[in-house]
Each structure stands twice: as C-alpha cells, then as structure tokens.
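2 protein chains.
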Amino acid sequence: MEKAKQHFLDIFFNPNNIAVVGATKNPQKMNFHLVRNLVNLKFPGRIYPVNPNADEILGLKAYPSLESIEDDVDLVVTAVPAVATMGVIEDCVRKAVKGVVIVSGGFSEIGWEGRGVQDEMHRLLRERGIRAVGPNSLSPINTSNNLAIGFGPIERLKRGGVSFIFQSGLYNPRLDWIFSEFNLGISKLADLGNKMDINEVDTLEYLAEDPDTKVIAMHLESVAGDGKRLMQLIEDTTREKPVVVIKSGRTPAGAEAASSHTGAMMGASDAVFDVMLRQSGAIRAQGLEEFFDFAKAFDFFPPLRGNRIAVAALSGGEGVIATDWCCREGLSIAKMSPETVDKLQAVSPPWGIPSNPFDLGVSMQFHPMDEVLKVFFESMADDPNVDCIALQLEMIGTLLLAGIDEFPSLLSILREKGKPFTIWMVGRNPQERELVEKLESNHIPVYTSSERAAKAFSALYRYNIMQRGASKSKGKQMR
Amino acid sequence: MEKAKQHFLDIFFNPNNIAVVGATKNPQKMNFHLVRNLVNLKFPGRIYPVNPNADEILGLKAYPSLESIEDDVDLVVTAVPAVATMGVIEDCVRKAVKGVVIVSGGFSEIGWEGRGVQDEMHRLLRERGIRAVGPNSLSPINTSNNLAIGFGPIERLKRGGVSFIFQSGLYNPRLDWIFSEFNLGISKLADLGNKMDINEVDTLEYLAEDPDTKVIAMHLESVAGDGKRLMQLIEDTTREKPVVVIKSGRTPAGAEAASSHTGAMMGASDAVFDVMLRQSGAIRAQGLEEFFDFAKAFDFFPPLRGNRIAVAALSGGEGVIATDWCCREGLSIAKMSPETVDKLQAVSPPWGIPSNPFDLGVSMQFHPMDEVLKVFFESMADDPNVDCIALQLEMIGTLLLAGIDEFPSLLSILREKGKPFTIWMVGRNPQERELVEKLESNHIPVYTSSERAAKAFSALYRYNIMQRGASKSKGKQMR
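Chains as they are written, first to last, in this note's numbering: chain A, 85 to 563; chain B, 85 to 563.
It should be emphasised that the hints constitute simulated quantities derived from the structure, not laboratory data.
Possibly wrong hints are sitting among the right ones.
Where chains are identical, the list cannot tell them apart; a pair therefore holds if satisfied intra-copy or between any two copies.
Below, simulated DSBU-like cross-link-like pairs (lysine-lysine); rule was C-alpha separation at most 30 Å, straight line [unchecked claim]:
#, residue 1, residue 2
1, K427, K113
2, K522, K113
3, K182, K126
4, K109, K325
5, K109, K458
6, K458, K113
Construct the complete structure from the given sequences, taking the supplied hints into account.
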C-alpha cells in the first residue's frame with residue numbers, strides 16, 4: 085500500500101477540535117443545534133463557538149472570530165449567511181485551519197453569480213491546501229467519537245457498520261428514525277452538498293479503507309469527480325464491501341430539480357449510468373426505502389450463498405404473495421429435503437402436506453405456536469436445500485411477547501448455521517416496536533412486507549453473484 | 085333496476101342471528117375468538133355457540149347441535165375439523181338455515197379427495213338453495229352491525245368506505261393494524277376462500293350496489309366465476325366506484341402455491357389478465373402495501389382532476405427524489421403561477437427563487453415554520469396550475485405537535501378547494517403516531533415515502549382518466 089498514512093478526509097471525521105462559525109444561543113434557530121448536539125453527545129474535543137455578539141454559548145466560551153481562538157483549529161464548520169461566507173473563508177486561510185465544512189447554501193445551486201463566489205472560495209482554500217466539504221452540506225457524523233453536525237436536535241447516535249455518503253441533508257430529519265425506529269447503526273456519514281472540493285470519489289476512497297465501515301451507502305445527484313475513476317473505485321471496493329447507490333435526478337424534471345438544489349449537472353443519461361453502475365458491482369436502490377433497507381440487509385445479514393428461500397406465512401394467501409415477490413426478485417423457492425418435509429409434517433394439519441411456502445396459520449390451528457416455530461427453525465437450519473428464510477409475524481408478534489426472550493434463542497439455531505433470516509411484519513404498535521427492537525438488536529432485520537424482504541435478499545444475492553464472478557474472472561488484483 | 089330487493093349475500097352481512105359450530109371456552113384455541121369477538125364487539129343479533137361438550141360459552145347458552153337451537157337460524161359459521169364438516173352441512177340442510185360460512189380448511193386445496201367432499205357439500209346445499217362462503221374462509225365482517233368473524237382477538241372495528249374481497253385470511257392478522265395504525269375504516273369484508281359457491285362475481289355485484297361501500301378492494305388468486313362477466317362487472321362498477329385489485333399467483337411458483345392454498349387454478353396468463361384488468365378500468369396494485377395504500381387513497385382523497393403536482397420537501401435532495409417518483413408515476417411537476425411564485429418568495433431564502441419542488445428546509449432557516457407552511461398551503465390552494473400537493477414532514481412533525489391543532493385548520497384551506505393533499509413522513513414514534521392519527525382522522529393520508537405518495541396519486545389519476553374516457557366514449561349505459 086502506497087497510501088499516505090492519513091487521508092485528507094480524516095480531519096473531517098477525527099478532528100481534535102471544532103470551531104462553529106455562526107453559533108447561537110437562540111434555541112429557535114437551526115444553528116443552535118450545531119453546538120448543542122456536539123455538547124450533548126459529548127464530543128470529546130474542544131468546541132469553539134464563534135459569534136461576535138456572545139461571550140458564552142451553552143457554557144462554552146464564545147469567540148468573536150476564528151482568529152481570536154488561542155489554539156490551532158482543526159475543523160471549521162461555518163453556517164453564516166451566504167454573503168458572509170467569503171469572509172469566513174478568508175479567516176480560515178489566515179488561521180490556517182485544516183478543514184472547512186460549509187453548511188451555508190446560496191452558491192453554485194443558485195446560478196452563475198453563486199458559482200463565481202464558490203469558485204473563488206475554492207481557489208483561496210486550495211492555494212493553502214485547505215480541504216473543504218460543501219457548500220450546502222450538513223456534515224459530518226462519526227459515531228466513534230460522538231461527532232455530529234446537524235440542524236435540529238440529535239438526541240443519540242448509534243454505532244454500526246454502515247457509512248453513508250449523501251449529496252443532501254435529507255438524512256438529517258430522519259436521523260432519529262434511523263437510530264431509534266429503523267434500528268440501524270452508522271459508522272460515518274458525509275453530506276457533500278455542492279461538492280466544490282471534496283467529492284464522492286474522495287469520500288468513497290476514504291470509506292473503502294476505513295476499518296469501521298462494513299457497508300457503504302451512497303446517494304448521488306451528480307458525479308462531480310472523475311466518472312471512470314468512480315466506477316473503478318466501486319468495482320475495487322465491492323470486492324471487500326458492498327456499495328449501495330441511490331441516484332436521483334433520473335427523470336428530466338428530477339434532473340432539473342437537482343441542478344437547482346446542488347448545482348449538479350449530470351452528464352450521462354440515467355440509462356447509461358445504470359449500466360455503468362451495474363458493471364461496477366454496485367447495488368442500485370430504486371427508492372429511499374430500498375436504500376435504507378439494503379443498507380440494513382448488508383449490515384445485518386451474513387453472506388447469502390445461494391438464492392433458495394424458505395417462506396413461512398401466517399396465511400396461505402400471504403404465502404402466495406411472498407412467493408410471487410421472491411420469484412420476481414430472482415430468488416428460487418427452495419425444494420425442501422425429505423427430512424424437512426418429515427419434520428414439518430409433525431406440525432402440519434392432519435390433512436396437510438408441508439410445502440414451501442409453509443402455512444404457519446393453519447399449523448397453529450392444530451399445534452402450539454412455539455412448537456411450530458421451533459420445528460420450522462430447526463428443520464430449515466439443517467436443510468441443505470435452503471439458503472435463506474423469510475417468516476411473517478403479525479398479531480402473533482404480540483402474543484409472542486410473553487415468551488419473547490426465548491424467540492431470539494430459537495433464532496440462534498439459524499445463526500449458528502450462518503443462514504440469513506428475516507421477518508416481515510407490518511404492525512408497529514408499542515408492543516410490536518419492542519419486539520422489532522429485540523429482533524433487530526439480534527441482527528434479524530424486520531421489514532414491513534414480504535416485498536421489501538424479498539428485495540433485500542435479492543440485493544444480497546446479486547452482490548454474492550457479482551463477488552463470485554469478480555473473483556473468478558479477475559482473481560485478486562493489485563490496485 | 086330489476087334486482088330483487090334482497091341480494092343473497094345480504095344474509096352473510098346482515099343476519100339476524102349466528103350459530104357458531106365448533107365454539108369453545110378454551111382461550112388457547114383459535115375458535116375461542118369466533119364467539120368472543122361477536123360478544124365483545126356487541127353484535128346485536130342472537131349468538132348460538134354449538135358444542136356438544138359445553139352448556140355455556142362466554143355467558144351464552146351452548147347447544148349440542150344446530151338442530152337443538154329453538155329458533156330459525158340465519159347464518160351458520162362452522163369451524164370444526166374437515167372430517168366433521170360434512171356432518172355439519174347435513175345439519176344445516178335439516179335445519180334449513182339461510183347461509184353457511186365454512187371456516188375449516190382441508191378441501192379442494194388438498195387435492196382430489198378434498199375436492200370430492202367439497203363438491204358433495206356444495207351439491208347438498210345447492211339442492212336446498214342454501215348459499216355458502218368458503219371453505220377455508222374467515223368471513224364476514226360488517227362494521228355497521230359489529231359483525232366480525234376472525235381468529236385472534238379483534239378489539240375494535242372502524243367504519244369507513246372501503247369494502248374488501250379476499251381469497252385468504254391474510255387480512256386477519258393485520259386487522260388491528262388496518263384500524264389502529266393505518267387508520268383505515270372498513271364497511272364490509274368477505275374472505276371467499278375456496279369459492280365453492282359464492283365467488284368474486286357475486287360479491288362484487290353485491291358491493292357495487294351497497295350504498296355504504298365507496299371503494300372496492302379485491303384480492304384474487306383465481307377467477308372462480310365467469311371471467312368475462314367479472315371484467316364487465318368491474319367496467320360497470322368503476323363508473324361509480326373505484327375497484328382496486330391485487331392478483332397473486334402471478335409467477336409460476338406463486339401460482340403453484342395458490343393452487344395448494346385455495347385449490348385455485350388460473351386459466352389465463354398473468355399478462356393476459358393484466359390487460360383485461362386494465363381495460364376494465366380496475367386499478368391494479370403490485371403488492372400488499374400498494375393495495376392498502378390505494379384503498380386508503382380512494383377513500384380519503386377527493387377526486388383528482390389533473391396530474392399537476394406541487395411538491396414540498398424538507399431538503400433539496402428529498403425534493404429531487406420525490407420529483408423523480410412523480411414523473412415515473414405519470415404525474416407532472418406543476419408550473420406554479422406567477423402569483424404563487426410571488427407569494428412563496430416572501431418565505432424563501434434571500435438568494436432563492438421559489439421552485440417546484442419547494443425546499444421547506446432552506447426556507448425554515450430564514451422564516452418561521454408556521455409562516456412558511458401557511459403561505460405554501462394558501463398559495464397552492466389558489467393556484468389554478470396545481471391539481472394536488474405532496475408535502476414532507478419528519479422531525480418537524482414532532483415540533484409541530486405544539487401547534488398541531490392549528491395544522492388541520494391550515495389544511496382546511498386546501499380541502500375547501502377540493503385539492504387532494506398528502507404528507508409523507510417515515511417516522512412513527514409515539515408523538516408522530518399521534519400526529520399521523522390526527523391527520524388521517526382529517527382524511528389526509530400519510531405515507532412513509534414520496535414513492536408511496538406518488539403511486540397513490542398516480543392510481544387516483546389513472547382512475548380519473550379512465551372514468552372520463554368511459555363517459556366520453558360510451559355515455560351512461562343501461563346494464
């Protein structure tokens with residue numbers, strides 16, 4: 085490896101201290117939360133609020149300007165109005181800070197006047213070797229050191245294996261949902277905004293080498309860096325880690341909206357981009373629900389070695405619908421081994437021959453629920469014809485709460501065999517939320533429909549095929 | 085109208101009394117809930133539990149057999165094992181009951197032996213003019229008289245404009261979710277199971293004429309009745325009421341699963357069925373989430389007269405994604421009138437020109453949230469170029485709770501103009517659930533993504549086009 089020891093993006097994720105320009109005491113202002121979140125989440129480095137009209141903000145000494153800070157400054161986060169931003173950049177240059185995040189908007193996304201100012205800021209910083217994220221960016225998050233820049237209160241962070249690259253603050257209002265309801269943990273997150281300096285290629289390069297990052301999930305409105313380099317980098321990265329991509333601005337109206345959002349111009353058509361992405365081995369998500377679903381799937385599931393799925397539903401009708409989705413998504417309905425059929429016979433109705441999809445509902449009319457589930461899990465864990473399992477819970481989720489502590493132990497049977505297992509269940513009443521949280525804290529993802537579960541497995545399977553293809557056709561290449 | 089005054093299905097939805105054969109005192113058994121739900125929900129007619137081993141069940145006198153009931157019996161619900169069902173049918177014939185719901189499974193869905201018994205049951209009942217729903221059916225529900233047959237506890241019903249036809253009990257474990265979380269009200273529901281006698285044509289015919297049914301949502305695994313008649317009936321019905329259809333068993337494996345579920349055989353290929361359905365004016369849902377989403381959309385929204393949509397999101401990036409979905413679903417991003425642009429200018433950032441999608445997030449950095457929303461709603465309500473509106477709430481949903489009572493009043497501006505309006509918002513924490521419930525009780529549907537919102541509007545728009553096309557090309561025809 086010829087890589088320098090410290091990547092230039094490291095200063096954004098692991099700064100020793102942070103200065104927040106535009107900090108405020110006024111809790112009605114969004115900027116209030118920039119400092120408040122760092123304090124509340126206990127970011128361990130020094131925090132320097134900069135505001136000429138305050139002496140103290142949230143118990144921290146406030147500084148009238150960057151220059152008045154006595155120490156060297158690693159990272160500046162600036163969130164003053166667009167017209168005042170150039171002055172801050174000049175201060176950054178004088179102070180010789182190491183990195184700048186420009187939160188403020190009103191630059192290249194508003195047209196040529198804004199682009200001119202943005203170009204000038206970039207020139208000033210580049211001359212001094214100061215790297216910048218943004219403008220129009222809410223960045224970064226690093227859960228390993230409780231660093232989180234965001235508008236609105238961030239009450240908690242949750243560590244996990246997924247790192248995100250965004251080209252928008254769209255994650256910000258969903259952050260609490262990601263951690264608390266979706267039960268997904270994050271390692272690092274960067275919103276690149278207008279990508280004046282640091283772009284998706286830089287960030288992907290950094291995350292590809294980041295040992296805490298197991299899965300990379302990337303939102304793109306445009307490709308600001310070298311497109312060929314990006315695709316090559318994705319191809320190299322996917323040998324080790326899955327890369328999930330959502331690309332928006334794919335329709336003409338969407339592309340127009342993107343250009344007035346981050347000043348992004350997309351060269352290639354969406355169809356061309358789609359082919360390139362597919363060839364690179366990235367897993368493309370069609371929508372935001374899929375984007376997060378896939379990220380969770382790659383983080384939670386063990387690798388999926390085949391596409392033969394076993395399905396168990398609470399009704400025959402739901403099993404049929406699940407089967408349709410599995411087939412449409414390229415999965416194959418497993419032909420259960422004779423041993424499995426025998427075992428399931430014991431928990432089937434007197435007149436029933438066990439089949440895949442398995443009808444849990446009818447079995448539960450004749451046998452105790454916990455027995456049905458136990459036999460189902462054990463036989464599926466042992467069946468060499470079954471690669472993965474999807475099971476529906478609904479109302480019984482609630483009933484199960486009585487014996488819920490046993491349920492994860494049932495599932496450990498499957499985990500020992502390394503078989504990916506998922507549950508679908510639409511309800512999220514308070515008891516069901518509790519169940520979902522327990523399951524997901526055991527790394528069993530819970531989707532709201534068989535459709536979403538099948539799509540998640542399909543993404544996993546496509547990644548597995550691609551990885552095997554890559555290792556077969558190319559072997560392990562040096563980069 | 086040459087119709088007889090009372091349709092033969094009326095006895096299933098409006099019986100004066102119900103006998104439940106296979107009733108039990110044992111709360112561990114699913115059958116327990118058949119009687120318990122009728123009692124708890126306060127079904128106003130007499131309930132006759134039938135069980136030779138009990139004198140009393142849930143405070144009701146129990147009868148050893150149907151024949152021992154002193155009165156005439158309107159509706160029999162039988163849920164005894166398959167082998168004992170023929171005996172119950174013979175009792176029904178002797179007792180000359182008016183209708184039978186066969187809950188038990190184990191008939192045509194298990195193969196030729198089961199089909200033989202089913203055919204014989206049908207012959208016996210038909211000879212006496214007794215109509216039957218099932219076997220393998222959890223039916224019916226009628227919220228207007230608190231009639232609900234279901235396994236598992238049903239704690240509440242919620243009245244509404246949607247009537248469902250199912251070919252599975254798949255709704256049953258979701259019932260609480262439908263009422264309590266999805267906030268959808270139901271008028272009537274029938275699960276037709278194996279469709280030995282009463283089929284989808286009969287049921288659609290009944291619901292088409294039912295004044296309490298505003299929307300019909302139909303789940304099919306097979307067409308048991310006359311296919312041409314079904315399509316003609318859908319075509320006639322959709323002139324007055326939307327018909328949403330989910331057809332499963334559309335892949336080979338799915339079709340196989342369907343045949344072992346309800347003994348269903350689908351003649352035409354899915355592609356042929358799809359074309360026929362489209363020509364009939366039905367709105368086809370791809371998955372269960374869509375099925376329920378569309379049902380809610382048709383129940384909640386006023387008619388959609390055009391496809392020009394205004395979008396407001398909490399971030400530029402989310403607005404781009406929403407725009408993509410709208411375009412992909414055949415909606416058109418509205419070109420706002422100059423008056424609207426002027427009004428929105430007042431709540432935009434100093435450097436921003438208001439556009440569609442509108443960036444709420446950036447506006448809220450410069451203006452108070454309630455002011456931004458008020459101006460947005462008022463200008464959209466008045467803009468003749470805007471047919472419908474989709475708006476994102478997330479975290480601000482929580483913030484809004486402070487002033488939530490004002491929010492619906494803001495929205496009444498839109499309702500007065502008859503413009504369909506929806507919100508998308510992924511979170512469902514307790515505060516957000518409260519907000520969603522308030523919105524939906526005001527008939528503002530809340531979807532978890534812009535994708536689902538766009539698809540719902542698209543379904544509405546397709547229905548509108550189809551209706552206009554039908555009235556233009558055919559005029560109002562006599563049937």
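Hints, verified against the model:
no. : hint           : in the structure
1   : K427 with K113 : between (63 Å within a copy, 23 Å between copies)
2   : K522 with K113 : between (36 Å within a copy, 27 Å between copies)
3   : K182 with K126 : within (22 Å within a copy, 72 Å between copies)
4   : K109 with K325 : neither (42 Å within a copy, 56 Å between copies)
5   : K109 with K458 : between (57 Å within a copy, 27 Å between copies)
6   : K458 with K113 : between (54 Å within a copy, 19 Å between copies)
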